[in-house]
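Single-letter residue listing:
Number of protein chains: 2
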Amino acid sequence: METGNLIGYQYIKSEGKAFKAIDPSSGSELPGDFYPASLADADAALTLAEKAFAVYRNTDSKTKAAFLRSIAEEIMAIGDELIERAMSESGLPQARLQGERGRTTGQLNLFADLVEEGSWVDAVIDNALPDRQPAARPDIRKMLIPVGPVVVFGASNFPLAFSVAGGDTASALAAGCPVVVKAHPAHPGTSALVAEAIKKAAQKHNLPEGVFSILYDDGFAIGEALVKHPKTKIVTFTGSYKGGMALLKLAQQREAPIPVFAEMGSINPVILLPDALENRYAQIAEQYAASITLGAGQFCTNPGVLIAMKSDGLNKFKNALNEAIGKIGSSTMLAHGICKNYSQLSEEVLTEEGVSAIGRGNLNNDKTNQAQPLIAEVSASSFLVNPKLREEVFGPYSLLVVADYEVQLQQVVDALHGQLTASIVADEADLKKYSSLIQSITGIAGRVMLNNVPTGVEVVHAMQHGGPFPATSDSRFTSVGTGAIKRFVRPVSWQNWSNDLLPDELKDGNPLNIWRLVDNNWNKN
Amino acid sequence: METGNLIGYQYIKSEGKAFKAIDPSSGSELPGDFYPASLADADAALTLAEKAFAVYRNTDSKTKAAFLRSIAEEIMAIGDELIERAMSESGLPQARLQGERGRTTGQLNLFADLVEEGSWVDAVIDNALPDRQPAARPDIRKMLIPVGPVVVFGASNFPLAFSVAGGDTASALAAGCPVVVKAHPAHPGTSALVAEAIKKAAQKHNLPEGVFSILYDDGFAIGEALVKHPKTKIVTFTGSYKGGMALLKLAQQREAPIPVFAEMGSINPVILLPDALENRYAQIAEQYAASITLGAGQFCTNPGVLIAMKSDGLNKFKNALNEAIGKIGSSTMLAHGICKNYSQLSEEVLTEEGVSAIGRGNLNNDKTNQAQPLIAEVSASSFLVNPKLREEVFGPYSLLVVADYEVQLQQVVDALHGQLTASIVADEADLKKYSSLIQSITGIAGRVMLNNVPTGVEVVHAMQHGGPFPATSDSRFTSVGTGAIKRFVRPVSWQNWSNDLLPDELKDGNPLNIWRLVDNNWNKN
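First to last, the sequence lines map onto chains A and B. To convert, take the position in the first sequence, counting from 1, and add 1170; that gives the working numbering. To convert, take the position in the second sequence, counting from 1, and add 1170; that gives the working numbering.
Honestly, the hints are just simulated from the structure, not real lab data. All values reported here derive from a predicted model rather than from experimental measurement. Heads up, a few of these hints could be off.
[As the list claims (entries may be wrong)] DSS-like mimics (lysine-lysine), calculated; alpha carbons at most 27 Å apart, straight line:
1) K1656/A to K1602/B
2) K1602/B to K1221/A
3) K1677/B to K1603/A
4) K1558/B to K1656/A
5) K1412/A to K1398/B
6) K1190/B to K1537/B
7) K1558/A to K1398/B
8) K1412/B to K1401/A
9) K1401/B to K1558/A
10) K1419/B to K1398/A
11) K1221/A to K1603/B
12) K1412/B to K1419/A
13) K1419/B to K1656/A
14) K1419/B to K1412/A
15) K1398/B to K1419/A
16) K1401/A to K1558/B
17) K1677/A to K1694/B
One chain only, chain A, in its complex shape (with noise of 0.2 Å):
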């Protein structure tokens, strides 16, 4: 495994103190000595990145289509490798890396056939209308450009998908901007495999060397490089509110600012009505109580609160619930400081004014870093009046709000921040009761579901991952599906060209074949 700085095609020889990647579930070293980038390694890659852009940027879509591919076979051909080395630095099961790894090159392969495709650029065309008085209308078409270099920070709880050649950096170069990669320091073997993939690809296909780097720390200097650096211009970022805050307010202070895509955590909602818990409690909590310890509760869509008002049902429901966790045992947590803060969080949460615990699943001894899943309760009336507890708890917990009446859940809504995805479980009757309810979750989320839970995002066009604010920095854009290729460009209009000296994809006889809405007509005219 080449673990350097990888700058273009060369791995640069560093200096300063080496890291090694951690197994959380026994604490012990493993193999690999990664040493922290400099300012110089940061600002190398950028310019490579800036030089490369003026050439990718016009690479043809067959070829990057092609590039993509070839990263998604090059990380196939890695073979157990990957699998292995990932699973001891996340503490992630091996059946749910080898999914990853599908969704991983299913993302990739997902780009390459958009960008093959070639309507995604959104082409515009209004001819000119030569005859118009007082005077004649020049020909104007519109499409959109890539914008340039993108830093990727990688993110901890998905080593594969949203890492090193995950969705970030597939729909960065799937747009045409070359990027620079920020390894997450919890699993840098993984990102180094994932790296040597991604440059074998580029190479296969002579693509401008910078059109991809890979830069490692343990610490936040070359981030914080990364992110001033004048060359960069575009972040992506997936963690903690803490952390995406202190990137965008970077951003915002350099000279030309410049968007930072920080998606930092949400408490999913799900809104739990009254028949549904009495018709269908046993199952509801079942798939919640899955819901909420899949992946150690480690994913951005966990479902961290569930709203619902006092009866019968939801008795019977907390009881089900509570057994149904109970069965669940502790797991790994990806590494040892998200642990220690879920284990305080959780905690620190029981002592809050009429908060308790309702259940909690099994704590497993033999290993290290275990989350122990965790239901609490909370009386609405207790809830709207503390915001510490509409914060996110990550890791396998829950807060179960109880309103006391049908006003409460609709101010227990409204109380929240913006949310990735809120959700309702309602059977017949309380769809038809509840429908000013159920309409208002649109406010506060990006996704919203029916009778579903929020883990498992599916990486398809109609895919919305990003909502209002602190659950993303910006809810106009999506980080998952092919949306989230959107984040990487702009528009730009081109006015009275000739048809030689246009790009192809706004030509006469529109030699790509892609939908353009010509004279506010879609076709592929």
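Following the hints, position chain B against chain A.
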């Protein structure tokens, strides 16, 4: 004329010190007392706007379209009074304001057509895959929804088309967002007349009170309060860099930050290539003299810098431009402060190292606040080392930057900030010889022209009016053309909802007959 602050359907009684509009061509006061709104008024307007949003966001497209068309009709129904008041308040000539009124009503009708047609919501449907292994894929559907109350700052340079019922208001109302206008203090009477037209139109269609309000202030307090108010979700602004940045900072410092779409000025570079100058110097000089002085140079797309290489053709062009400018008289600027600023900056620039005047228009001493056209010249080497010369001088001014050799042309382009537009003036031989320079201009601007002047922004689907920072605060959006509606919306995904509970735009059978991406196929099925 009703001159009061309008909150919903009520003109309210205000206290404090009234201000009056000033005729810039004479310096004399115009009839009508306008009272600065209070902080309580700002709160009342936004509270009503938020209430109205709960209804207006679900108002059907036909009603919204009819509302927009009624605003256009009511504006026309004001008749000559509107044109005369706008002339008195802005110093702009009758024909220009009649044209601008046509553009304003045209924009309202264009957005009416857009929402009535309906496809602008970008509906995407991915049908469920119940048999997928290892788990079924749920049904997921996405579309754009309005975000909430919008604060529109009226701009001084387009008292109709970028003011009370201008493009920002038209596109926000089309999107389903209520609007609170902060009237520009230079044209309060024009603002009041148009506000009454919007009020009448809203009442005619029984829209919820608060869908539109307007507040006056000759200071900064109300503008600040509106941006900081927690119920404000989006801000639009067209004006100076200083003003735009002040609003942007306020918005970023909020507990929940919000987008500010600020257009903050641009010097709109024009690259004049050698063959074109040699072959067409007289025609180009005429064309640019007109563009530079149009509307007293008070256009955001005014060509503020001309870039060319030393040549005989350039000498002939300079003489022709000098002659053309010399024939153009001064014109009244929009307000005393703007004129004072122009006089000062255009004189200051002549004191910079290496800058000299090469042409001036005639000064009309019969009227006050006259802007005298000025063309200055500087060498590329002096330009490259003096950042001050890259800044906008708002008025009928342009700086000719003369390069000694070809590489300097690219250096000058690379030294420029982000721009709304960039233009190339070129003949056949130039296009071949300078292809890399020509290609590079898409990197710095939102709209690129070939052999066309940048002034005259067409309101069409393919228009991009928005460029990289600092031209605008967000180059990914446009403030002119149908794309402007995208500033007021965000995507939401519905997962696993039954058909009757989905918005009409996403229902099976496509009852609204709009274009949708269904299972990755664009169609109207």
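Each hint, compared with the structure:
no.: 1; hint: K1656/A to K1602/B; result: 32 Å, violated
no.: 2; hint: K1602/B to K1221/A; result: 23 Å, holds
no.: 3; hint: K1677/B to K1603/A; result: 22 Å, holds
no.: 4; hint: K1558/B to K1656/A; result: 34 Å, violated
no.: 5; hint: K1412/A to K1398/B; result: 22 Å, holds
no.: 6; hint: K1190/B to K1537/B; result: 20 Å, holds
no.: 7; hint: K1558/A to K1398/B; result: 24 Å, holds
no.: 8; hint: K1412/B to K1401/A; result: 24 Å, holds
no.: 9; hint: K1401/B to K1558/A; result: 22 Å, holds
no.: 10; hint: K1419/B to K1398/A; result: 18 Å, holds
no.: 11; hint: K1221/A to K1603/B; result: 22 Å, holds
no.: 12; hint: K1412/B to K1419/A; result: 20 Å, holds
no.: 13; hint: K1419/B to K1656/A; result: 25 Å, holds
no.: 14; hint: K1419/B to K1412/A; result: 20 Å, holds
no.: 15; hint: K1398/B to K1419/A; result: 18 Å, holds
no.: 16; hint: K1401/A to K1558/B; result: 22 Å, holds
no.: 17; hint: K1677/A to K1694/B; result: 25 Å, holds
Against the hints set out earlier in the document, violations occur for numbers 1, 4.
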